[in-house]
Amino acid sequence: MTILVPFEYFNERMSDKPYTVYMVNEDNPNKSGYIQGYWECTHCGEGTQFRFFDDSRFPYYQAKCPKCRKDFLAKDDTDWED
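Residue 94 in the working numbering sits at position 69 of the sequence shown, with consecutive numbering throughout.
Derived by calculation from the structure, the hints in this document are not laboratory data. Check the hints yourself; a few may be wrong.
What the hints assert, rightly or not - Calculated pairs, DSSO-like style, for lysine-lysine (alpha carbon to alpha carbon, straight line, at most 30 Å):
1) Lys-42 with Lys-100
2) Lys-56 with Lys-95
3) Lys-100 with Lys-56
4) Lys-56 with Lys-92
5) Lys-95 with Lys-42
6) Lys-42 with Lys-56
7) Lys-92 with Lys-42
What the hints assert, rightly or not - Restraint ranges, calculated between C-beta atoms of paired labels, are given here:
8) Phe-35 with Gly-72: 15 to 25 Å
9) Glu-65 with Val-30: 18 to 28 Å
10) Lys-42 with Arg-82: 29 to 39 Å
Beta carbons are placed, not taken as given, at the ideal position from N, Cα and C, and that holds for glycine.
Sequences and hints are given; from them, build the entire structure.
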């Protein structure tokens, strides 16, 4: 079961306004050890900001779309060698 907890995130380098980020299976936005980014739902295509704390299946993260409510796998495709 995947639980989403929304919170308002503000990063002055990226935006002049806060925006919603969904924490996955965690309710403390100040907890360390996370990866945050933008992923699109593989079912409906809705793009969402997520914050994942469980990296046991890296590079895949269990996510849930806040729009269609279906679970999907978000893949971290960051090229760490750049």
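* To do: Against the earlier hints, flag every one the structure doesn't satisfy and list their numbers going up.
  => none
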